[in-house]
Structure formats: C-alpha cells, structure tokens
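Start from the sequences and build out the full structure, keeping to the hints where you can.
Line by line, the protein sequences give chains A and B. In terms of the numbering used here, the first sequence is residues 7 to 334. In terms of the numbering used here, the second sequence is residues 7 to 334.
Mixed in with the good hints, there may be bad ones.
Since the list gives no way to pick one copy over another, a pair counts as held whenever it fits inside one copy or between any two copies.
[To be verified] Derived lysine-lysine pairs resembling DSBU-like cross-links, with alpha carbons at most 35 Å apart:
#: 1; residue 1: LYS77; residue 2: LYS190
#: 2; residue 1: LYS141; residue 2: LYS322
#: 3; residue 1: LYS190; residue 2: LYS207
#: 4; residue 1: LYS151; residue 2: LYS322
#: 5; residue 1: LYS77; residue 2: LYS274
Source of the hints: derived by calculation from the structure; they are not laboratory data.
Protein chains: 2
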Amino acid sequence: MSKKSFPFAERIFFCYFEKQKVVMTDFQVTILGNGSAVPTAYQNLSAQLVQYGHRRFLVDCGEGTQMQMIKYQVSRKNLSHIFISHLHGDHYFGLVGLVSTMHLFGREQPLHIYGPEPLEEIIQRQMDASDTRLKFPLVFHVLQKAGKIYSDNNLEISCFPLNHRIATFGFVFREKERERNLQKDFVRRYSPGVEQMHRIKQGADFLLPDGDVLRNEDITLDPPLSRSYAYCSDTLFDPDIVPFVRSVDLLYHEATFDDAMADIAAEKYHATARQAAQIAKAASVGELLLGHFSARFSDTAHLLEEARGVFKNTRKSGEGMTYKLSTR
Amino acid sequence: MSKKSFPFAERIFFCYFEKQKVVMTDFQVTILGNGSAVPTAYQNLSAQLVQYGHRRFLVDCGEGTQMQMIKYQVSRKNLSHIFISHLHGDHYFGLVGLVSTMHLFGREQPLHIYGPEPLEEIIQRQMDASDTRLKFPLVFHVLQKAGKIYSDNNLEISCFPLNHRIATFGFVFREKERERNLQKDFVRRYSPGVEQMHRIKQGADFLLPDGDVLRNEDITLDPPLSRSYAYCSDTLFDPDIVPFVRSVDLLYHEATFDDAMADIAAEKYHATARQAAQIAKAASVGELLLGHFSARFSDTAHLLEEARGVFKNTRKSGEGMTYKLSTR
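Put into structure tokens, the structure is as follows:
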C-alpha cells in the first residue's frame with residue numbers, strides 16, 4: 007500500500023473545488039446597553055447578547071434589559087446562560103425581572119447564572135418575598151477565580167478577574183478549533199462511510215480500493231480559524247488583563263472616561279478610552295469595541311478619537327447594533 | 007356690642023368680590039406604567055407619581071420606573087416618599103435602581119419608603135453587595151395594617167389592605183380640610199392683624215371699632231372642598247375595599263382582565279374592569295381610572311366599555327398621562 011498523491015487530473019479537479027465555501031457559524035454580539043452607572047435619555051445600562059449559532063448568552067443585565075430585548079426583538083428562546091460581571095446595580099438589577107418574566111411565560115428549561123456571591127441569595131430572597139416557586143431550575147455558578155466556566159461542542163467560555171472596587175470578572179468566548187471540512191466532490195465520488203468521514207475530518211488520509219492513498223490535504227479544506235470575543239467591564243486600566251484577552255478577534259472594553267478625566271477614572275476603578283486602546287494594542291486584538299460610557303457624555307466621538315490615537319482598529323459600540331465576529 | 011350684618015351697601019360690595027378666585031393647589035397623578043406582570047412593547051410596569059403642590063410621591067416602582075421618569079421628564083427633586091403596594095416584582099423591582107441613582111447623583115435628604123416586609127432587607131442586601139454606603143438616610147416604614155402613614159399641613163396618606171396573594175396595600179391621598187379664605191377687599195379695608203386673620207380663617211367674626219360685627223360668612227370665602235385619590239392595585243374584587251375608598255374624587259383600580267376572564271381573575275387574585283367599576287359605584291367615587299392591564303391586551307378599549315356599563319364616569323389610564331384631581 008503506497009501513500010501517494012492524487013493523479014494530476016484529479017488534483018486539478020479538487021483544486022477547482024477548493025473554492026467550496028466553508029460555512030461559518032454565526033458568532034455575534036448585540037449591544038443592549040452600553041451606558042454606565044445611571045440610565046439617561048440616550049443610553050441604557052450594561053447588557054449584551056452573545057450569539058453562537060442558535061445559542062444565546064447574556065452578558066450583564068442592567069435594569070431594563072428585558073425591555074431592551076423587546077425593543078431589539080431579542081428572543082428569550084435558547085437563552086440559557088447569563089453571565090454577571092459584578093454586583094454593581096447597573097450590571098445586574100435587571101436580572102431578577104428577566105427571571106420573573108421567564109417564569110411567568112412558563113419557561114421549563116434550566117437557566118444558568120454565573121456571577122459573584124451573593125447573587126443567588128439576592129435573587130432567591132426576592133423570589134421568596136413574592137412567594138414565587140420558579141417553574142424552571144435556576145442554576146447558580148459562583149465566579150471566584152480565572153478559569154473555564156462553560157463548554158459545548160463549539161464554544162468555550164472563560165472568566166478572569168478585572169480590577170474594580172468589588173469582585174468583578176471579564177469573559178472570553180472562544181470558538182473551539184474545528185474539524186477539517188470534507189470536500190463535497192470527494193464525498194460524492196468515493197462515498198466514504200460515517201466512521202471514515204469522522205477520521206478524515208480529524209486529519210486521516212483515505213485509502214482507495216487499489217491501495218493508493220488520497221492525502222488528507224487534498225480531500226479536505228482547512229476549517230476557518232477559531233474566533234474569539236472578550237468582555238472587560240468594569241475595570242481600572244490594568245495590564246494584568248492582557249494575557250487573558252491576548253489575540254482575541256474582538257475586545258469590548260469599558261471606556262467610561264476621557265483623557266481629561268484619567269484621574270477620576272483611576273479613583274473610581276474605571277478606564278479611559280485611551281487606556282482601553284492600550285490594552286487592545288498590548289494584547290494584539292483584532293478590533294476594539296468601546297463601551298460603558300459615562301452618562302455625562304451625550305456625544306462620545308472624542309472617546310473614539312482618543313482610543314484610535316493608540317489603536318486604530320477601534321469602534322464605539324452602539325445600542326441595538328450587532329457586531330459579527332470574523333477571523334483575521 | 008351687637009352682632010349685625012354689613013350695611014346693605016357694603017354687602018353688595020363684598021358680594022361682588024365673592025368672585026375672587028380661590029387658588030387650588032395642584033393635585034395630580036401621572037401614570038409612569040400601567041401594565042401588569044411583564045413589560046411589553048406598548049406598556050410598562052406599575053408606577054405613578056402623585057403630586058401635591060411641590061411635593062412628589064411615587065406609588066409603586068416597577069422595573070424601568072427611573073427610565074420612565076426620564077422619558078416623561080419627572081424630576082426626582084422633592085420626591086421623598088415612595089409607597090410600595092406589595093412585593094410582586096412588577097411593583098417594586100425598579101426601586102433599588104432608583105435608590106442607587108439618587109445616591110450617585112449625590113442626594114442628601116432622607117428618602118422614606120413604605121412597603122411590606124422584607125423590603126428593607128432586600129434593598130439593604132443589594133446595597134451591601136455593591137459595597138454602597140448611601141449618602142442619604144433611607145427610612146423604611148413597614149406596612150402592616152390600615153391606618154394613617156403620612157401627614158403634612160395639607161395632605162394625609164393612609165393605607166389599607168387589599169386582597170391579593172401576598173400582603174398588599176392600597177393608598178388614599180386625602181387633602182386636609184382647609185381654612186376659609188379671607189376676602190381680599192375686607193383685608194384691604196380693615197387691615198386685620200395676623201392673629202385676627204388666623205381666627206377669621208378658622209371661622210371667627212370680625213369686631214368693628216364701633217362695636218358692630220362683620221359676620222364670618224360675609225368676609226370669607228368657602229375653601230374648596232377637599233380632594234382625594236385612591237390607588238388599588240393589585241386586588242381580587244373585594245367589597246371590603248369600599249369603605250376605604252368611599253367618595254374619593256378619583257379611584258385608580260386595577261382592571262387586569264376582561265369579563266371573559268373573570269374566572270382567571272379570581273384565581274389569580276386580580277379583578278376585571280367590570281369589577282373595578284362595581285367598587286367605584288358602591289363607593290360613590292367621582293371618577294374611576296382603570297389600569298394594571300394584562301400584557302395580553304394590546305387594545306384595552308373593551309375593558310373601558312365593560313366598566314362603563316356599570317360606572318359611566320370611567321377612563322382608561324394612559325402611560326405618560328396626567329390626571330388632575332378636581333372636586334365634584
């Protein structure tokens with residue numbers, strides 16, 4: 007049995023079909039609120055929806071998040087995991103209302119909530135006060151230290167500590183390395199069995215009946231690069247964050263204040279837009295998305311300018327906007 | 007010293023000036039939310055602002071109330087008393103956010119909160135979790151039974167039990183009986199002293215230097231009748247409510263369901279629009295204002311029709327609408 011390449015004609019044939027499109031799973035972030043501390047007429051409190059395929063994850067849940075979900079037509083379906091960065095009210099006061107609404111709409115599937123203590127006690131106390139026995143399991147996961155907190159076939163979610171006045175965590179959503187893609191024309195021509203297909207996706211070659219071998223690289227396509235998203239809010243400017251968010255494709259980082267308020271930012275354990283850009287640059291991220299803007303700025307254009315002076319590939323997050331994750 | 011009436015000419019003179027306008031203190035209710043249970047695209051959760059002169063009182067505070075206050079330009083200034091009817095989330099989940107916002111804006115004057123237990127514990131637990139030491143005194147008043155809960159020079163507020171699944175209270179805002187109004191022309195002509203004016207306002211006559219007496223009814227005007235407002239949400243249809251709201255000028259009563267859902271209303275300890283009207287009629291109120299509409303009704307016109315079949319002087323409350331209290 008000799009391991010050899012495709013005959014020349016067949017190589018040409020497959021090369022042509024290397025243009026076969028590899029379908030990327032939708033991986034995107036929708037901003038439901040990007041204001042800080044207090045709501046204003048023009049911005050709502052922290053909350054965002056991360057979608058990976060049909061799965062929905064909520065990151066933070068400030069007061070009014072369920073109203074924002076209605077406004078931006080975000081379904082509660084397939085939303086089974088909520089991540090709360092910390093227990094300042096602008097990041098979680100909307101959680102108990104959202105949980106109540108899920109209950110009133112007859113939810114049955116479990117809801118997993120990740121956050122620092124005593125989040126469970128706070129929610130449970132309010133359920134008890136209204137004599138509510140939830141119709142679905144509420145599963146609390148206490149965040150205490152950096153590490154993996156969620157994993158499925160395609161996605162892994164980790165948390166890491168931020169530097170704020172109280173226990174606060176950032177989150178990284180990282181697409182798992184995916185299997186190689188079979189060339190459709192190879193499949194059509196040789197009809198490999200399920201087991202064989204599985205092995206080829208893992209990198210195996212294919213044995214022809216005549217003993218010849220089709221090399222894996224000739225019958226598969228590279229999977230797309232894994233994509234990753236990181237959320238950092240709220241935090242002091244802190245280079246210790248860099249290793250946790252290194253090379254992510256999209257980094258949402260708080261930019262509560264501008265250059266002129268750097269002292270106040272430090273005092274309040276918040277960051278400026280420029281500092282967010284310094285983290286983005288040091289971590290070599292693909293793109294930086296600014297958010298958690300102070301209520302004092304009705305116009306945040308200067309925050310973008312200040313950040314772009316350090317890291318060009320920066321955008322301001324916009325309420326109701328969706329940002330698709332792409333590889334570089 | 008003979009007690010006699012004004013000479014004829016003077017009586018004519020004062021009669022003319024009886025047209026003097028008696029200024030009524032503004033007394034009004036602004037609906038910030040009149041939906042029940044869950045927010046929808048078209049209605050927000052229970053909250054309303056009662057204003058008497060410069061004083062503002064908030065009745066219930068569902069999630070998003072502070073956003074509704076921004077939307078309808080309701081200032082937090084002079085808002086020092088909040089009344090929470092009961093601890094179902096749609097009536098108070100916005101309270102902790104509003105308290106936080108007051109703190110962040112540097113409030114210093116005390117805030118009085120009235121509600122059933124364990125409201126204080128719930129709010130305090132959330133303050134502790136965020137390591138927040140409020141800059142202003144938060145004074146909790148536990149509602150346990152019917153009675154007067156607030157009184158100032160002009161207004162008295164009472165609570166009374168409603169019939170709901172958990173401890174729930176209605177509220178009555180009742181203007182105090184006011185002093186008689188001095189006729190301006192009498193004051194101009196006879197320049198009574200401060201003490202004399204005070205006695206005349208209480209009903210005393212006025213002694214002229216020649217020993218004649220001006221009768222109180224000839225030198226004063228009747229004060230306007232006292233106005234009153236009652237809030238009943240949430241409650242089962244319950245005639246026991248009637249004595250507490252008898253003869254109020256305006257009654258806000260929940261009308262969660264329609265006739266077709268009377269069984270469900272009873273099961274859930276709620277009332278139908280028709281039942282609200284039955285209470286209004288039995289209590290001989292001036293006007294009925296329907297609210298706390300089920301999220302299932304995008305159009306509530308039929309609720310108004312059903313209520314008007316029993317009590318004609320009925321209106322549907324509208325979000326952002328202000329209803330002025332008037333005497334009958």
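Going through the hints against the structure:
Proximity of LYS77 and LYS190 under a CA criterion of 35 Å is satisfied in neither setting, with 42 Å inside one chain copy and 56 Å between copies. Taking identical chains as interchangeable, the C-alpha atoms of LYS141 and LYS322 lie at most 35 Å apart only when they sit on different chains, with a minimum of 33 Å there against 39 Å within one chain. Taking the closest pair of Cα atoms, LYS190 and LYS207 come within 35 Å of each other only inside a single copy of the chain (12 Å); across copies the shortest separation is 97 Å, beyond that limit. Taking identical chains as interchangeable, the C-alpha atoms of LYS151 and LYS322 lie at most 35 Å apart only when both belong to the same chain, with a minimum of 29 Å there against 53 Å between chains.
Taking the closest pair of Cα atoms, LYS77 and LYS274 come within 35 Å of each other both inside a single copy (32 Å) and across two copies (28 Å).
Going down the numbered hints, you'll see the structure goes against just number 1.
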